[in-house]
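A.B. asks: In case you want the letters, here they are:
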Amino acid sequence: MTDDIAKVPADEIFELVTDRWTEPFWNAARRHVLTAPKCASCGAFRMPPTPFCPHCLSQELEWPELSGQGTVYSFTVVNRAIIPAMEATLPYVPAIVELPDAPGVRLVSNIVDVPVSAIAIGQTVRLRWHDRADGVSVPCFTF
Amino acid sequence: MSIARRTALVGVGATPYYRRGKSLPQTMNELVCKAIIAAADDAGLSVKDIDGFAYYSGGFDTPYLMETLGIPELRFSATVTATGGGSAGAVGLAAMAVASGVAKTVVVVGGNQQAALRFGAFNQAHAPSPEGAFIGAAGLIGPGHMFALLARRHMHIYGTKREHFAEVALSARGNAIGNPDAIMQKPMTLDDYFAAPLIADPLCLFDFCLETDGAIAVIVTSVERARDLQRLPVVVHAAVQGGERGWGRSMYWMNMPDEHFLTSGHGFVARELYAMAGLTPADIDTAQIYDHFTPMVIAQLEDYGFCKRGEGGDYVASGAIRYEGGVLPVNTDGGQLSCGYIWGMTHIREAVAQVRGTARLQVPDAQFALATGGPSNLPVSAVILGR
Chain P
1 MTDDIAKVPA
11 DEIFELVTDR
21 WTEPFWNAAR
31 RHVLTAPKCA
41 SCGAFRMPPT
51 PFCPHCLSQE
61 LEWPELSGQG
71 TVYSFTVVNR
81 AIIPAMEATL
91 PYVPAIVELP
101 DAPGVRLVSN
111 IVDVPVSAIA
121 IGQTVRLRWH
131 DRADGVSVPC
141 FTF
Chain V
144 MSIARRTALV
154 GVGATPYYRR
164 GKSLPQTMNE
174 LVCKAIIAAA
184 DDAGLSVKDI
194 DGFAYYSGGF
204 DTPYLMETLG
214 IPELRFSATV
224 TATGGGSAGA
234 VGLAAMAVAS
244 GVAKTVVVVG
254 GNQQAALRFG
264 AFNQAHAPSP
274 EGAFIGAAGL
284 IGPGHMFALL
294 ARRHMHIYGT
304 KREHFAEVAL
314 SARGNAIGNP
324 DAIMQKPMTL
334 DDYFAAPLIA
344 DPLCLFDFCL
354 ETDGAIAVIV
364 TSVERARDLQ
374 RLPVVVHAAV
384 QGGERGWGRS
394 MYWMNMPDEH
404 FLTSGHGFVA
414 RELYAMAGLT
424 PADIDTAQIY
434 DHFTPMVIAQ
444 LEDYGFCKRG
454 EGGDYVASGA
464 IRYEGGVLPV
474 NTDGGQLSCG
484 YIWGMTHIRE
494 AVAQVRGTAR
504 LQVPDAQFAL
514 ATGGPSNLPV
524 SAVILGR
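Sequences listed follow chains P and V, in order. When we follow the numbering used here, the leftmost residue of the first sequence carries the number 1, and every step to the right adds one. When we follow the numbering used here, the leftmost residue of the second sequence carries the number 144, and every step to the right adds one.
It should be emphasised that the hints constitute simulated quantities derived from the structure, not laboratory data. Keep in mind that this is a model prediction, so the values were computed, not measured. The beta carbon of each residue, even a glycine, is placed where N, CA and C say it ideally should be. It is possible that part of the hints are untrue.
Within a straight-line C-alpha distance of at most 20 Å, the following computed SDA-like cross-link-like pairs (lysine to any residue) qualify [what the hints assert, rightly or not]: (1) V:LYS304 x P:LYS7; (2) V:LYS304 x P:SER117; (3) P:LYS7 x V:LYS191; (4) V:LYS191 x V:GLY164; (5) P:LYS38 x P:PRO24.
Chain P is nowhere near these chain V residues, computed Cβ spacing over 10 Å in every case [to be verified]: (6) MET144; (7) ARG149; (8) PHE203; (9) ILE278; (10) ALA280; (11) LEU283; (12) ARG296; (13) HIS299; (14) PRO323; (15) ASP344; (16) ASN398; (17) THR423; (18) ASP428; (19) GLY453; (20) LEU504; (21) VAL506.
Label-pair restraints from in silico Cβ distances [unchecked claim]: (22) P:ALA120 x V:LEU333: 19 to 29 Å; (23) P:ASP4 x V:MET144: 35 to 45 Å; (24) P:THR124 x V:LYS165: 23 to 33 Å; (25) V:GLY391 x P:GLU23: 16 to 26 Å; (26) P:GLU65 x V:LYS451: 56 to 66 Å; (27) P:ASP4 x V:LEU333: 41 to 51 Å; (28) P:CYS42 x V:LEU333: 48 to 58 Å; (29) V:ASN172 x P:ASP101: 46 to 56 Å.
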């Protein structure tokens, strides 16, 4: 196991595009507000945002502000670049994070700024924003 | 009307398997045509008898193939949606076309040439999408990163170990050695496995399939006509594609409920498949299991009922999937881990060889062979082939 610190993956490997259903998530992110789409009819959360609630088929949504608390559901440590843009930010740690105040949904995110050997499933994590040069803010998590 | 036992595979053709990029300067269509010509020769048919094409993963350009091979008439051309999950499903598509009487001689073809598009960085090859942003932002570039997330959860919940993943890789390598078609010929030890770089922890280099070029074609016709052809008919006892919403886009989603997250997404297809065939897991003599990543072989062994949920690691550790002494020899050609990666068509090819009794590592008296398509976004698929 390495004691390297988990980094934020390079901005260059991801380009944000949105549609009218995903845009509110990313607009809130620019204000450093973590949110998730919640059906205004039946109250079920879903992720990613899609045009209909899979339970009641309502299109009405609420976007509650979440606490930023999370629990690690699974993670991987990326140690090797498969495209050149990855080189500068190894290792990084893609993780699936459960959000206690958005039950039933998970966010695919990154664990950052902690030793990779300390990361475990079940670990409690908290939100840390990564502000990119292109104006997009990406939610990450740390201890 | 069921498609069970109405059709048979009567010809198989393949190009050599090439390391990524080494099939150049041949074109992709050229490789596909070589596989189709070889499949027709194997069946004792003319390519001009082909009147249908069944594909998956985007397929190929049917009229170009007709123009090139001089195929005069077309009665069927269709593609299973999604990606490598549909390989076995394309055989089912051909079986549907033949059983319904729509077409008489349908070729199923799969192939890849990774010089231009490296599957290991698959997600970078596609235009960014709104739903993809929820994966891409986390730096999940290739399927290996995504399946590593599934693998670690399986380890955490069930106690599956890297030694179990290693056993899948070692078994495949053992089968590949001596297979003249196989890319990998060097023996592998457990020490070799653990010395390999961790690409996406817990997955190391040897948990990943090969990146290869090549094409494989199989010809499907009616069982009645198959009896008049030169090869022993390999009957399609069942062919199923599909899956459940709880698996859905799977690794492009990562919001699968727990009971799906820990699987390969094949449970639904497995149940439908055994029901269609009127068979049980105990009837299967050999399984050719889509092996893009070793943990997904273990999860499929569970989904297809060869062991209980969560016990796939112990099952492989018992030697169950080995050719020598195993109760269920798996990927007897070396699989996509050590023989060649042709998007699951390798598994169809080897399943046919086992039923014909012509495999290099022949399972004695193999009556029924399972071949699966890749655990991926739906549909996933499988076939049971037999005498």
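A.B. asks: Hints the structure violates: just list their numbers, smallest first.
C.D. replies: 1, 3, 4, 9, 10, 11, 12, 13, 15, 16, 23, 24, 26, 27
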